[in-house]
Amino acid sequence: MRGASLLLLVVLSAAAAAPQLVGAASGDHSLRIIQKDIIETINKHPNAGWTAGHNAYLANYTIEQFKHILGVKPTPPGLLAGVPTKTYSKSEELPKQFDARSKWSGCSTIGTILDQGHCGSCWAFGAVECLQDRFCIHQNINISLSANDLVACCGFMCGDGCDGGYPIKAWQYFVQSGVVTEECDPYFDQVGCKHPGCEPAYDTPKCEKKCKVQNQVWEEKKHFSINAYRVNSDPHDIMAEVYKNGPVEVAFTVYEDFAHYKSGVYKHVTGGVMGGHAVKLIGWGTSDAGEDYWLLANQWNRGWGDDGYFKIIRGKNECGIEEEVVAGMPSTKNMAGNHGSAFGTAIL
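Letter by letter, the sequence shown follows residues -24 to -1, 1 to 324 in mature numbering (1 follows the signal peptide of the UniProt record, and there is no 0).
In case anyone wonders, no lab produced these hints; they're calculated from the structure. Computed from a predicted model, the values in this text were never measured in an experiment. Glycine is no exception: its CB is placed at the ideal position from the N, C-alpha and C atoms. Be careful, since some hints might not be right.
What the hints assert, rightly or not - Listed below are the simulated DSSO-like cross-link pairs for lysine-lysine, each with C-alpha atoms no more than 27 Å apart in a straight line:
hint, residue 1, residue 2
1, Lys292, Lys20
2, Lys188, Lys79
3, Lys243, Lys43
4, Lys43, Lys12
5, Lys185, Lys62
6, Lys66, Lys292
7, Lys292, Lys43
8, Lys72, Lys292
9, Lys12, Lys238
10, Lys188, Lys20
11, Lys292, Lys238
12, Lys43, Lys20
13, Lys243, Lys72
14, Lys243, Lys20
15, Lys185, Lys309
16, Lys220, Lys292
17, Lys182, Lys43
18, Lys62, Lys72
19, Lys292, Lys243
20, Lys243, Lys12
21, Lys292, Lys62
22, Lys292, Lys79
23, Lys188, Lys72
24, Lys309, Lys188
25, Lys238, Lys43
26, Lys79, Lys238
27, Lys62, Lys43
28, Lys220, Lys309
Stated by the list, open to error - Computed beta-carbon distance windows for the label pairs:
hint, residue 1, residue 2, range
29, Leu70, Asp139, 37 to 45 Å
30, Ser81, Gly29, 25 to 33 Å
31, Lys66, Ser120, 35 to 43 Å
32, Asn191, Asp136, 28 to 36 Å
33, Lys20, Val59, 40 to 48 Å
34, Ser6, Ser263, 32 to 40 Å
35, Gly296, Ala32, 25 to 33 Å
Could you build the full structure based on these sequences and the hints that come with them?
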């Protein structure tokens, strides 16, 4: 009995000594993800390097609802078996600052900020965004590709649709099955979670394999990738890949404070782990304060962050941002006579 009492005393003492966490870590899932105390903590922090604020896009999201839109599942090691990893020579000269929107200014998709709505489909959005950019960069074709095709039709190979998936499997789907245009299979959630108390956990849409536009044939609207690969986690390799071939899809761990990002170079300061998220990496640079950063496009519309974009510290694998970088090269398969080009005749 005395041993049990001593154990209870130790547990109670430990609980008293433990820090009192806010938000998700407290277990109160009715809380909104946007929290005043987190904003104040960031903005008072002398070494944060970024500014927090009230992001309108997430204004009505609870912590649980926010977790749901973070749709990158932890990648089982077996899933990466046989996936090639690209590296580049260190002797290659790279610019100190780079923005894919400027280098390939004729490719409008690079600068387009999308909206995944209230489905955990970031893994699919990051993939289609990068592939459509690369079709423009390498084949002079401006197209919008369908995240809906991936979410609805890739099935268990990619994960669980709106309940999350694996970025590398999305690229393998491009190789095996291709992906149709956005016009053929538009994204199912055009509304998003806007009103107070709404439930954003939409079910994964059904795979119909039929274009919404009359006279369009599903199989004819498929666009393929030649390959699916990882990029080595060394920042030089990631930079060289983006510089040579275009934007890449990256996955990283999201903490509560990330929801509040407005400007500056993000690094995790406070709050609990929310989940995994995939976005598009389009460039890099160095801030006025001397911090090296990555430049990325999110898919939470323009009411989040810096007009839909954010910067995160580069070279320190912040939140795992340099660990899971994936991409592929566009294929000419199924392209002949499919469509014209934004620049005239398509380069096939």
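Structure-based check of each hint:
no. : hint                         : result
1   : Lys292 to Lys20              : 23 Å, holds
2   : Lys188 to Lys79              : 34 Å, violated
3   : Lys243 to Lys43              : 19 Å, holds
4   : Lys43 to Lys12               : 19 Å, holds
5   : Lys185 to Lys62              : 33 Å, violated
6   : Lys66 to Lys292              : 18 Å, holds
7   : Lys292 to Lys43              : 25 Å, holds
8   : Lys72 to Lys292              : 17 Å, holds
9   : Lys12 to Lys238              : 14 Å, holds
10  : Lys188 to Lys20              : 51 Å, violated
11  : Lys292 to Lys238             : 21 Å, holds
12  : Lys43 to Lys20               : 26 Å, holds
13  : Lys243 to Lys72              : 20 Å, holds
14  : Lys243 to Lys20              : 14 Å, holds
15  : Lys185 to Lys309             : 19 Å, holds
16  : Lys220 to Lys292             : 23 Å, holds
17  : Lys182 to Lys43              : 23 Å, holds
18  : Lys62 to Lys72               : 21 Å, holds
19  : Lys292 to Lys243             : 10 Å, holds
20  : Lys243 to Lys12              : 18 Å, holds
21  : Lys292 to Lys62              : 20 Å, holds
22  : Lys292 to Lys79              : 26 Å, holds
23  : Lys188 to Lys72              : 45 Å, violated
24  : Lys309 to Lys188             : 23 Å, holds
25  : Lys238 to Lys43              : 19 Å, holds
26  : Lys79 to Lys238              : 25 Å, holds
27  : Lys62 to Lys43               : 31 Å, violated
28  : Lys220 to Lys309             : 22 Å, holds
29  : Leu70 to Asp139: 37 to 45 Å  : 38 Å, holds
30  : Ser81 to Gly29: 25 to 33 Å   : 30 Å, holds
31  : Lys66 to Ser120: 35 to 43 Å  : 36 Å, holds
32  : Asn191 to Asp136: 28 to 36 Å : 33 Å, holds
33  : Lys20 to Val59: 40 to 48 Å   : 43 Å, holds
34  : Ser6 to Ser263: 32 to 40 Å   : 37 Å, holds
35  : Gly296 to Ala32: 25 to 33 Å  : 28 Å, holds
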